[in-house]
Amino acid sequence: MMKSIKKTVLGLVLATCAAFNANAAPTFSGLFFVEPQFDYYTSQQWLFGVTQTDAKAGDTFEYDFLFNTPPENADFSFLVRPDKDYSLAFSNVGWYAGDLTEQLDNLELVLHSWVVAGKGRVSSGTYDLRLSGTFLADAAGFTGNAISAIPEPVSLALMGAGLAGMIGVRRRKVEKETEAA
Amino acid sequence: MKTLTAITVAIGVLTTSLAYGATTTAQVRVEKDARVTDLGLAPQSEVRQITLSLTVKNLAAAEAHAASLVDPTSPNFRKFLTPAQVGALYGQDAASVAQIVNFLKAQGLTVTKVYKNNLLISARGTNAQLGAVFGSPIHTYSALGRTYEAPASATTLPANLAGVVKAVHGLNNRPLFASNLKRQPQTGPSAAESKLVPSRIPTPKAATTTAPGEYTVLDLAAKYNVNPLYAAGVTGAGKTIGIATLAGYRQSDAFGYWNALGLNTSPSRITDVLVDGGPLPDDGPGSGGAGETTLDVQQAGGVAPGANIRVYLAPNDGNGFLDAFATAVDEDQVDTLSASWGSPEIYNGSDELTAYHLVFLQAALQGIPVIAASGDSGAFDINRSYPYPDCTTQLTVDHPASDTLVLAAGGTTLAHTQHRLHGDVTVPAERAWAWDYLRNYITNNYGQLTYYTQYFPVGGGGGVSVDFNRPSYQAGVTGVANSAAAQSLYCNFGGTYQDLADLPSGVQGRNLPDVSLNADPYTGYLVYFEGAWGAGSGGTSFVAPQLNGILTLIAAGKGGRVGLPHPQLYGAFKTYGYGAKSPFRPISAGTNLYYKSTNTFNPATGLGSLDVTNLARALGVNL
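One line per chain: the protein sequences are A and B, in this order.
Residue 1 is where the first sequence starts when you use the working numbering, and the numbers rise one by one after that.
Residue 1 is where the second sequence starts when you use the working numbering, and the numbers rise one by one after that.
Relax, there's no trap hidden among the hints.
List time: in silico SDA-like cross-link candidates among lysine to any residue, alpha-carbon distance up to 20 Å: (1) 596(B) x 72(A); (2) 596(B) x 75(A); (3) 116(B) x 165(B); (4) 113(B) x 331(B); (5) 596(B) x 415(B); (6) 79(B) x 559(B); (7) 596(B) x 123(A); (8) 195(B) x 219(B); (9) 596(B) x 151(A); (10) 596(B) x 121(A); (11) 596(B) x 73(A); (12) 195(B) x 418(B); (13) 105(B) x 47(B); (14) 57(B) x 114(B); (15) 79(B) x 620(B); (16) 223(B) x 263(B).
Hint data in this document are derived by calculation from the structure and do not stem from the laboratory.
Just need the whole structure built from these sequences, with the hints factored in.
Written as structure tokens, this is what we have:
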């Protein structure tokens, strides 16, 4: 069942399924560019995630999400959670350059099996968030939300507070819509 | 099956390779652009112009020779070479050149020019002949509404040419170069706030306190302390300005501009030189590109009103731009040479960059300073042709300004107040030019997207080359930067993203610009174009010809060519810093959208702006 918050799928060129890889390659993988949403003023948001409808419990995943952060230096943060509690477990998170190979350390990353988060000051660039883990339930998925704010004395604090609130609202909305469906 | 959240878009990955080139630290090219369509075999009987670049003999010695010519401690000091001497020392020998010429003729090509430097040979042939000689059929392509011709596959040099010929230029005639002229926005919801009509028409002997956006070369002279040279009788007389350009113009506009300002100029001062047949039909007088040539001539000739001017007019395709520079240098009739056209550095392969570099090296050996605009897209040069947000931002620099032998002309914004519809915007002091100072005003009144689509990326070009190693004149200079991490160019082509180029981080590359002058259209200039005055123009396109005029004055003042400017400018900076008698004024505010302008060298404004009289004194003019 597709969740109602998952809106526009604009294209899919690279997506792999390697269930029988002897070198423990993830069962599912993919590389996605996440387009920003511009608010009226100076912040940008990114909504991203995957629902792997053909996943079975025990399958593994590794997905890359590309973000082009604002031209200006910005405070960037993201938070990713399973769409349903205990439906999957994150096992690794990486933060790379857009070439997918150069590992970077300009974000402070937090990894738990039930949540992945990061924050820090980023300079203009294209960054890759790599998330790995294991599906604990069939047809599971996760949703992420990222936000950037160009530092200003007042808006910065508001933006940080807004992110936490927004994630909460999003989660509640997802659960509500899922229930309704 | 996988479903994706919101505006998450799967991408096609076209990985790019990083390889070392002859003059490069790490060669990166933009990969195949999905906007390009192959239209099939090009007309086989169509005649095309190409240029072969030959292998230089002992590049390192030639580079050292060029530097020694401006080193007062060297026995070579100011013993500039002639083109024939360059050819004898560093070009191929006559027998090798004759072998190439004979081979080309045997293939049915017409050899149109052998340069005196023995490093370039131009020839002409049909697409069929060129395809046969260089191992690839020539196809027609379309991109962004224009068609062009290019080899359909990789080309190869015939065995008879290998070892002596370095590369062939002009088989691909896609127009790559853009003017660095920028105006206040003429479209979008905020366009009504632009002031493009002058508040008054210039008159001779008028006061120079004109409004921002309506400045002339007289204001430039006052602002950057040029006037003491004029007072000493230094006008550029006896010297010749060179301008390389890719569009036509009307000489009458140039004389109209100078006459309106009351400048005393000779009616026979301009000579037009058509290179490779001159500009393309779409780029003639009155075209968009013609505005560039017009202002180049007006600005350079206005700063040095006593000088003669040679305008090298070439087509904006194939090898036209290279040939414009090469012709000007090989003629050896100009004392300075500037261009305000350019393209992102990473458009070029190492063969192209090397060919240009050798022409600039020849210029340095002959004592001719070459100046180029550093671009008008701030630190994101490539995003003028791959616009954000459909494409990712990517820190990139413009060529030919990124060449280590070219003086890169950067941009500033002068102190001013804009009285806008919803309130004033004030820039309190001269700063690096970028329209980030308008970001709050525009986003608050028109929204973030208006800012990013109408005002971004706009600013003085500058950053770190990933193709040219850091030159010795920038070694140890405080503020010089390495290339940044995470610089990839992804673009959305019809709903699918492609990775066009990943740039290496940490490259110790050439930093640019070298120096900066006012370039912001809001504190910009008047242009007299097609018999009418227009205000609100700017861009580093103005700075390059202004520096050209300034170096022409200095050449006239010292009675000889200036020579390679970089060792002299960076040497003067080490001597004077920003202290008394310094040729440089620090620009310690603003950014070029990424790099901050500071009280040291920086990749936003370089060494800063100029006190031209002090610069003239530092370079040997007695005032």
